[in-house]
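Chemist: Start from the sequences and build out the full structure, keeping to the hints where you can.
Read in order, the letters of the sequence shown correspond to residues 1 to 971 in UniProt numbering.
Hint data in this document are derived by calculation from the structure and do not stem from the laboratory. Treat the hints with care, as some may be off.
What the hints assert, rightly or not - Listed next, the in silico SDA-like pairs over lysine to any residue satisfying Cα-Cα at most 25 Å (straight line):
no., residue 1, residue 2
1, K213, G265
2, K316, T55
3, K720, V710
4, K316, Q825
5, K795, K818
6, K61, P132
7, K38, W23
8, K528, K753
9, K29, L118
10, K799, G265
11, K943, D189
12, K795, T54
13, K172, L302
14, K886, P924
15, K213, T968
16, K886, L302
17, K840, K144
18, K71, R174
19, K144, I154
20, K783, E273
21, K61, E126
22, K528, E752
23, K172, R959
24, K172, E956
25, K172, M192
26, K333, D238
27, K172, N135
28, K316, D238
29, K753, E646
30, K807, Q447
Unchecked claim - Computed beta-carbon distance windows for the label pairs:
no., residue 1, residue 2, range
31, R196, G157, 52 to 62 Å
32, K795, V80, 21 to 31 Å
33, N615, K795, 12 to 22 Å
34, G504, R611, 17 to 27 Å
35, S806, S300, 55 to 65 Å
36, T443, D137, 46 to 56 Å
37, T54, D210, 30 to 40 Å
38, S806, K720, 45 to 55 Å
39, R175, N446, 22 to 32 Å
We treat Cβ as the ideally placed atom computed from N, Cα and C, and that holds for glycine.
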Amino acid sequence: MAADSEPESEVFEITDFTTASEWERFISKVEEVLNDWKLIGNSLGAPLEKGVFTTGTWEEKSDEISFADFKFSVTHHFLVQESSDKEGKEKALEDAIPQSLQDLLCMNNDFPPRAHCLVRWYGLREFVVIAPAANNDAVLSESKCNLLLSSVSIALGNTGCQVPLFVQIQHKWRRMYVGECQGPGVRTDFEMVHLRKVPNQYTHLSGLLDIFKSKIGCPLTPLPPVSIAIRLTYVLQDWQQCFWPQQPPDIDALVGGEVGGLEFGKLPFGACEDPISELHLATTWPHLTEGIIVDNDVYSDLDPIQAPHWAVRVRKADNPQCLLGDFVTEFFKICRRKESTDEILGRSSLDEDGREIADITQALSKLTEPTPAPIQKLSVTNMVHSAKKKIRKHRGAEESPLNNDVLNSILLFLFPDAASDKPSDGLGSAASSAPLPDSEDYTLYNQFKSAPSDSLTYKLALCLCMINFYHGGVKGVAHLWQEFVLEMRFRWENNYWIPGLAPGAPDLRCCLLHQKLQMLNCCIERKKTRDEGKVTGGGEAGKGRQHEALREMEKEKPEVGKSWDSWSDSEDEFFECLSDTEDLKGSGSEGGAKKAGSKEMPGWKAEGRLRPHGNLMLLRAGEPLYIPLTQEPAPMTEDLLEEQSEVLAKLGTSAEGAHLRARMQSACLLSDMESFKAANPGCCLEDFVRWYSPRDYVEEEVVDEQGQVVRTGELSARMKIPGNMWVEAWETAKAVPARRQRRLFDDTREAEKVLHYLAIQKPADLARHLLPCIIHAAVLKVKEEEALEEIPSVKKIIKQIISHSSKVLRFPNPEDKKLEEIIHQITSVEATVARARSLKAKFGTERCEPAEEREDLERFVSCLLEQPEVAVVGAGRGRAGSVIHKLFVSAQRAAAVAALEEEPKRSGSLEERRQNSASDFPPPAGRELILRTSVPRPAPYSKALPQRMYSVLTKEDFRLAGAFSTDTSFF
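Modeler: In structure tokens form, the structure reads like this:
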């Protein structure tokens with residue numbers, strides 16, 4: 001009770017001073033990450049093979065921790081190796097030295113050309129790095145560095161992790177790391193020095209040995225021998241003796257049928273500048289012992305020619321100018337333009353009185369006026385330019401992007417039949433231009449949705465690309481497109497085939513512009529057939545419709561000179577001879593057949609017959625069943641199909657909408673029924689189904705009363721469904737031959753729609769349509785050039801480009817970013833091929849004899865492109881080594897001559913220049929040394945442990961990276 005009566009103010013707040021601090025939480029998080037990655041303990045892996053750091057697979061794991069509100073990223077880098085066996089694990093338990101300490105003394109992977117910087121400096125196969133998570137963050141103060149390093153030491157000790165753990169300090173560009181590795185009774189400290197200016201006493205081996213020995217502080221005398229590995233790198237930048245063979249294109253060569261030294265229809269290829277900027281020669285002395293070699297500030301035994309190992313790498317020029325890449329890139333830029341053709345060509349600057357507009361009207365009228373018979377073939381050049389003569393008279397010479405010679409050459413290339421006296425039928429060239437189905441080109445244009453490589457669309461794309469790059473840019477493109485549209489109008493009005501297009505309906509696998517041109521060709525074909533007085537081909541419908549020529553049906557033709565329009569516009573005059581219209585209307589039904597009372601109705605003459613259909617007979621009339629002449633289905637492009645699909649979809653799912661949709665889709669069926677009735681008087685629906693859809697007429701054999709086998713048949717179940725569209729269409733159909741029916745395909749209207757579509761295309765729209773053709777041509781050009789060089793990596797990249805392009809270009813409006821990626825890949829391949837040719841020219845592979853040495857040299861050049869660094873067989877005494885030696889000698893002589901010319905009066909420098917000219921190699925651009933030994937530290941009776949120091953010296957950088965081990969048991 002007394003306790004309950006105490007006032008609340010006497011309750012004291014208890015502070016727990018055992019709560020973990022931010023530093024302790026950070027250490028705990030590091031330990032947690034190490035445990036999660038199972039980096040506890042030590043297990044020996046297999047000995048490191050030579051070159052495994054470059055050829056092996058490196059992987060990494062990452063996590064994020066924080067020290068208070070400062071975030072760090074923890075990354076585990078490790079070389080993927082096979083798991084160690086039981087013997088290795090038992091050995092790991094007995095041996096107290098961690099795996100990383102043993103790697104410090106391994107000499108099989110010194111100076112790896114492509115690896116993490118810590119791998120190059122310390123030769124480690126596994127390590128963990130703690131670095132600031134943000135790129136702008138850095139650990140700069142010494143106290144924070146020591147705090148992090150102590151945290152690492154505590155975490156390693158608590159977990160028993162024997163993997164080296166590094167902390168990145170200072171700014172990230174300096175690549176400064178400090179770290180530690182702990183094992184049973186041993187600790188290794190990883191220290192680093194980074195300077196801008198190199199002390200003179202440390203520019204040679206003698207000074208670095210002094211540093212290394214003083215740092216070890218070994219109490220033994222004499223000291224154990226130090227193992228030395230030296231690598232000197234020489235840079236060759238002067239290629240005066242090897243000029244770049246790629247010449248810039250000659251723009252003025254266009255009129256002669258070539259563009260930049262190229263034929264029309266072919267894209268350029270190659271780099272305008274040398275894509276190889278530098279050659280780095282690394283001379284290595286891998287296994288030296290202290291005392292064998294002398295290298296100090298007075299004398300050096302390190303002669304590059306005597307180095308046992310040579311390795312070469314090339315430095316590529318940054319973004320070299322490549323012709324093919326520039327062509328495609330500049331053409332792609334048109335896709336982002338907004339102006340119309342008239343705006344680009346300056347049509348807005350017309351006279352106020354409209355004088356120029358009147359001239360344009362007169363020119364187009366003159367261009368499209370009917371040609372009196374006999375039709376004389378006019379060439380593109382004289383027809384188009386005569387029609388636009390008045391326009392050009394008002395337009396200044398400076399306003400025309402393309403001059404007449406250039407324009408005529410291009411148009412003659414696009415329309416070669418314009419130079420011929422005989423009009424082309426368009427079929428021979430078009431058929432020959434179609435690639436074979438099993439050819440690679442066929443597969444490519446289907447994958448890219450472009451056009452065949454020798455089609456008019458493909459050639460037009462290449463010409464527009466060249467004009468855009470060489471002549472007038474987008475203005476030249478607009479000018480050429482305007483002339484092209486006029487040519488299309490001219491050919492339509494004069495019934496001239498468009499060359500370079502496969503016959504038949506539009507190929508939906510090609511780009512839309514190619515489909516439009518094919519549609520226009522179809523219209524020209526229909527119009528030409530009508531104007532010549534021929535019946536557009538029927539052929540068999542359904543199972544037996546084979547679309548053959550109807551030369552034997554001359555008697556069924558309308559009068560010569562009568563066009564299809566004249567027949568269809570006055571249909572009624574062909575029914576005046578019929579006495580009983582109602583009887584004729586029902587003549588196709590059972591009642592009509594009964595009224596006829598004969599095999600062929602009086603006054604009804606069969607029309608539009610092609611030929612008898614085998615042995616089939618009409619079921620009720622008993623006459624042979626004839627295959628009628630029918631109209632061909634209307635060809636359609638993909639945009640028309642899409643438009644039709646949208647119209648049909650808008651009709652909805654109601655009964656009325658479904659009925660209307662069915663009637664719209666049965667226009668061709670109704671036309672065929674009318675043609676069938678006209679060719680087969682007295683027929684019925686069963687007769688039509690037997691010919692048009694044999695599967696919908698079911699026949700079976702039965703035995704009659706007299707015991708004879710009789711074949712009977714009836715319509716299928718779907719034909720007997722109430723309200724069947726076939727039945728309704730059959731009852732509606734009249735006996736009208738195909739030549740008197742309303743046209744399913746109005747070629748005049750469709751041609752005008754195509755011409756209007758072409759005329760309203762902006763240069764940006766045109767470029768979008770033709771970009772797949774340009775990419776197609778670029779890929780073919782790259783494949784052609786790569787076949788001459790045979791570069792394995794390029795073949796792989798080309799396959800990736802084809803796969804990527806196939807996915808991107810199938811969409812109607814691909815994203816600009818994805819298109820830029822494709823163009824960048826093409827440019828990258830072009831640069832790689834150019835580098836191969838540059839190296840072959842520099843190493844003289846074509847002049848090398850005998851054949852075996854030439855093959856070895858070509859293989860060496862190929863490896864330079866594929867690998868980061870290539871070893872030179874035989875070092876300076878091999879074939880490749882001798883070529884490299886000559887390159888350096890020539891560069892040194894050229895440099896000496898230039899120096900003498902610049903300073904002829906300075907005698908002191910002249911002596912120096914003479915000494916330099918006597919050397920075959922310039923001063924090394926980089927010096928790398930690795931010093932190793934195994935000594936007891938810190939006491940004479942301590943365990944002998946690995947010690948290592950790496951040094952790199954360049955013009956503006958000096959770095960020492962040391963790993964010094966200490967015995968913590970016997971110190």
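Chemist: Compare the distance between the alpha carbons of K316 and D238 with 25 Å, and conclude whether the hinted pair is satisfied.
Modeler: Given pair K316, D238 holds - Cα atoms ~14 Å apart, limit 25 Å.
Chemist: Kindly confirm whether 17 to 27 Å is satisfied by the beta carbon distance between G504 and R611.
Modeler: About 23 Å separates the Cβ atoms of G504 and R611, which means 17 to 27 Å holds.
Chemist: Straight-line Cα separation of K316 and T55 no greater than 25 Å?
Modeler: Within the cut-off at roughly 21 Å; holds.
Chemist: Run the distance test for K172 versus R959: straight-line Cα separation, threshold 25 Å.
Modeler: Distance of about 15 Å is within 25 Å: holds.
Chemist: Tell me if the straight-line CA distance from K528 to E752 falls inside 25 Å.
Modeler: holds (15 Å)
Chemist: Take the C-alpha atoms of K783 and E273, compute the straight-line distance between them, and say whether it is at most 25 Å.
Modeler: holds (21 Å)
Chemist: Taken at face value, is the distance from the CA of E956 to the CA of K172 at most 25 Å?
Modeler: holds (17 Å)
Chemist: Quick one: are T443 and D137 within 46 to 56 Å, going by C-beta?
Modeler: holds (52 Å)
Chemist: Can the restraint linking K316 and Q825 be considered satisfied, given a maximum Cα separation of 25 Å?
Modeler: holds (16 Å)
Chemist: Verify the CB-CB distance for R196 and G157 against the hinted window 52 to 62 Å.
Modeler: violated (36 Å)
Chemist: Does the beta carbon distance between K795 and V80 stay inside 21 to 31 Å, or does it fall outside?
Modeler: Once the Cβ atoms are compared, 27 Å apart, the range 21 to 31 Å for V80 and K795 holds.
Chemist: Could you grab the alpha-carbon distance between K333 and D238 and see if it respects the 25 Å cut-off?
Modeler: violated (36 Å)
In terms of the numbered hints stated before, the structure departs from hints 1, 13, 17, 26, 31, 33, 39, listed from lowest to highest.
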